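Based on the sequences and whatever the hints tell you, model everything.
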Amino acid sequence: MAERELKRRTAPSTREGDEEEPAASAQGERQGEKLKAELDDLLDEIDEVLEENAEEFVRNYVQKGGE
Amino acid sequence: MAVPKVCGIETEFGIQHLGGDGNPVASSSLLVNAYVGGLARAGWDFEDEQPGNDARGFAREGALPPEVETHLVNAVLTNGARYYVDHAHPEYSTPECPDALELVRYDRAGEEILRRSMRAAAQVLPPGQRIVVYKNNSDGKGNSYGCHENYLMDRAVPFSRIARQVMAHFVTRQVFCGAGKVGTETAQAGADVPYQLSQRAEFFEEEVGLETTLKRPIVNTRDEPHADPQRYRRLHVIVGDANLCEVATFLKVGTTAFVLAMIEDEALGSPELVPANPVQAIRQVAADPSLKTTIDLTDGRRISALGVQWELLERAVKYAEDQGLGAVGGEAVGREVLRRWEEVLHGLETDPTEVAGQVDWCAKLQLIEAYRDRHGLDWDDQRLAALDLQYHDLRPERSLFQRLPTEHLVGEEAVLEAVGSPPRGTRAYFRGQCLARWASAITSANWDSLVFDLGTDPLRRVPMMDPLRGTAEHVGALLDSCATPAQLVARLSGRG
Amino acid sequence: MKIKIERPDEQAAAQIFARYLTPDLPLDPGEVERLGGGDPAKAVAAMIDATVAEMYRADEENKFLEVTYQNGDKEILYFRDFASGAMIENIVRRAKKLAIKRAIAGEGSGIRTEDLLESIRREYKENEDLPNTTNPDDWARISGKKGERIVYVRTLLADRDETRGGRSIERVGTGQYL
Chain F
28 MAERELKRRT
38 APSTREGDEE
48 EPAASAQGER
58 QGEKLKAELD
68 DLLDEIDEVL
78 EENAEEFVRN
88 YVQKGGE
Chain S
33 MAVPKVCGIE
43 TEFGIQHLGG
53 DGNPVASSSL
63 LVNAYVGGLA
73 RAGWDFEDEQ
83 PGNDARGFAR
93 EGALPPEVET
103 HLVNAVLTNG
113 ARYYVDHAHP
123 EYSTPECPDA
133 LELVRYDRAG
143 EEILRRSMRA
153 AAQVLPPGQR
163 IVVYKNNSDG
173 KGNSYGCHEN
183 YLMDRAVPFS
193 RIARQVMAHF
203 VTRQVFCGAG
213 KVGTETAQAG
223 ADVPYQLSQR
233 AEFFEEEVGL
243 ETTLKRPIVN
253 TRDEPHADPQ
263 RYRRLHVIVG
273 DANLCEVATF
283 LKVGTTAFVL
293 AMIEDEALGS
303 PELVPANPVQ
313 AIRQVAADPS
323 LKTTIDLTDG
333 RRISALGVQW
343 ELLERAVKYA
353 EDQGLGAVGG
363 EAVGREVLRR
373 WEEVLHGLET
383 DPTEVAGQVD
393 WCAKLQLIEA
403 YRDRHGLDWD
413 DQRLAALDLQ
423 YHDLRPERSL
433 FQRLPTEHLV
443 GEEAVLEAVG
453 SPPRGTRAYF
463 RGQCLARWAS
473 AITSANWDSL
483 VFDLGTDPLR
493 RVPMMDPLRG
503 TAEHVGALLD
513 SCATPAQLVA
523 RLSGRG
Chain C
198 MKIKIERPDE
208 QAAAQIFARY
218 LTPDLPLDPG
228 EVERLGGGDP
238 AKAVAAMIDA
248 TVAEMYRADE
258 ENKFLEVTYQ
268 NGDKEILYFR
278 DFASGAMIEN
288 IVRRAKKLAI
298 KRAIAGEGSG
308 IRTEDLLESI
318 RREYKENEDL
328 PNTTNPDDWA
338 RISGKKGERI
348 VYVRTLLADR
358 DETRGGRSIE
368 RVGTGQYL
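Residue numbers (the numbering used here), protein chains in the order written: chain F, 28 to 94; chain S, 33 to 528; chain C, 198 to 375.
Do not rely on the hints blindly, as some may be mistaken.
Stated by the list, open to error - A short, non-exhaustive set of chain S residues, derived as facing chain C with CB atoms under 10 Å:
id : residue
1  : T325
2  : F433
3  : S481
4  : M497
5  : G502
FYI, nobody ran anything at the bench for these hints, they're computed from the structure. This one's a predicted model, so the numbers in the text were calculated from it and none came from an experiment. In this text, a Cβ means the ideal position worked out from N, Cα and C, and glycines have one as well.
Shown next as structure tokens:
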């Protein structure tokens with residue numbers, strides 16, 4: 028790996044030979060935006076699949092400790 | 033040079049028997065049996081079976097009893113994994129994997145096996161009953177079950193040094209591999225914490241110890257190498273959450289492999305990063321999704337969890353430059369770990385929603401916040417606890433996680449392939465291949481041995497004491513050259 | 198194996214041993230000298246103490262079975278959890294045999310402490326009266342401490358796979374492959 032400094036507390040990381048396209052972080056951001064955009068649709072869907080009686084569902088979920 | 037970080041994950045799944053009698057041991061057995069029994073129906077020939085043997089593409093582990101209705105099934109699968117009932121949970125232990133990416137694939141294969149098990153169980157259950165499986169680590173009522181990682185280490189490294197030097201990572205890595213949890217459930221954690229990074233963090237009460245169910249320690253001292261004990265140690269890591277995000281699993285394992293390799297090579301550098309109060313620190317980090325809280329180090333510094341992770345990453349980058357990536361999954365995987373490690377720390381620092389496609393606690397928190405907004409809910413509304421739980425539901429029709437556009441690292445086809453076939457780069461290859469070819473001649477399979485019954489006395493025990501041998505490279509041609517298990521046994525020992 | 202609700206504790210075990218391991222048996226002269234200062238009775242007492250201590254140690258080497266209860270709890274059972282008068286008698290009998298074998302081989306005569314220690318291990322490995330871990334019907338006879346039904350039993354005896362189901366097992370050399 029080429030010597031490089033990790034950019035801390037600065038906006039998207041750059042690395043040598045890869046300066047115009049900080050692909051890694053951009054991809055992460057795109058993922059994040061995509062997620063936000065889809066959240067609304069998702070919430071509609073969730074209202075449909077969410078267990079009907081949340082209280083009972085949560086109350087009934089009891090496990091034995093494991094490991 | 034550090035030993036290559038062969039790794040594996042054991043997951044205990046939460047289980048709910050809808051319409052059942054509420055005995056989780058029986059339900060877990062039924063679930064696992066339904067899957068393993070289903071393999072039998074897939075066309076294996078029982079005709080010339082000897083009772084006690086099994087020709088179903090799996091073998092029982094160890095010297096185990098014949099099948100009876102109540103017994104806890106314990107199977108070794110053709111992908112080299114172990115699938116069984118532990119305590120009151122179904123548990124899947126991946127086969128030994130050569131690197132973090134391969135382990136993501138086999139962890140996902142485990143989810144698929146549990147989904148198939150749920151379907152198989154539905155076939156044999158009375159109408160109206162259903163067994164449902166959750167990939168999480170707590171029931172929200174103070175009961176936790178584990179997701180343990182295992183890493184191959186050099187026996188020569190003193191355990192006390194491992195425990196001291198790995199602590200900072202174990203306390204802080206939850207910033208990217210915590211699975212997220214609404215609220216708290218133990219007396220030790222504050223009641224006024226609405227959301228935690230980790231499911232498990234609040235359950236840890238000791239720094240170092242042997243226990244896994246009581247007084248859980250951050251560093252577990254269990255010493256069962258399942259390999260040559262003169263050369264190897266298996267570090268048993270109990271401090272993690274079960275992840276659904278593939279990137280989170282990848283980073284959990286990949287970064288830990290780096291830290292352990294650095295410890296082994298005495299390349300962690302200085303100053304040593306040692307939390308002054310690890311137990312307090314791990315809870316404190318968990319309870320602060322703003323990631324601002326700082327923890328005390330023994331050298332007097334105060335530093336945030338992200339700060340610790342940045343320091344570890346810097347040291348890992350230097351380690352890669354100095355010593356290469358041989359011990360941490362090789363060039364491609366090792367580099368990818370470093371790239372994503374940096375990427376995720378940036379994202380977390382800037383805005384955690386940026387890494388909602390990579391990090392479970394961020395994905396879950398974003399979902400919960402959005403739902404809260406829409407419905408104007410308080411944090412103690414049971415619907416949020418329900419969302420949390422249902423995030424981990426493995427049923428495709430119910431899983432909230434599956435509805436989120438998270439990033440994938442392995443293709444669906446590769447996952448399905450991993451349900452039946454072993455990794456090529458560890459001894460799991462030999463185990464899985466032998467089971468696929470000659471299960472009827474294998475009386476027991478274990479992590480470190482197979483016992484063959486060749487029809488004549490004595491039984492033949494084939495030890496597999498080195499997790500790094502028995503790979504496709506080591507035994508592929510050998511296996512292909514053998515038509516029968518007798519030939520295999522003869523050739524293994526240099527006869528025939 | 199008879200179900201014994203009350204198994205001998207260490208003190209009771211020592212008393213039972215004393216019934217079978219008596220000073221008039223042929224003892225290794227070295228042991229009599231070393232342990233008893235020439236007094237066979239003292240030597241026997243010391244041998245019994247050592248044997249009982251070994252048998253009742255609850256540590257890694259003496260793990261015998263892991264049982265799983267209906268509710269999912271697990272418990273490790275040790276040699277001592279299966280101790281009985283019959284077993285102690287057998288241990289002494291085995292020790293005598295070992296001593297005789299050694300005498301025949303011309304390697305000294307008389308019972309030594311090591312014969313007793315070795316016999317403990319063999320007794321647990323080979324005793325047919327112990328519950329058959331492969332037979333669920335036998336599990337009920339294992340007196341788990343929790344009073345709950347046992348649904349699964351796993352053998353933990355160290356070095357356990359030299360025999361299985363009465364069949365011997367041979368270790369296969371694996372050369373360059375494994």
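Violations among the numbered hints: 1 and 2
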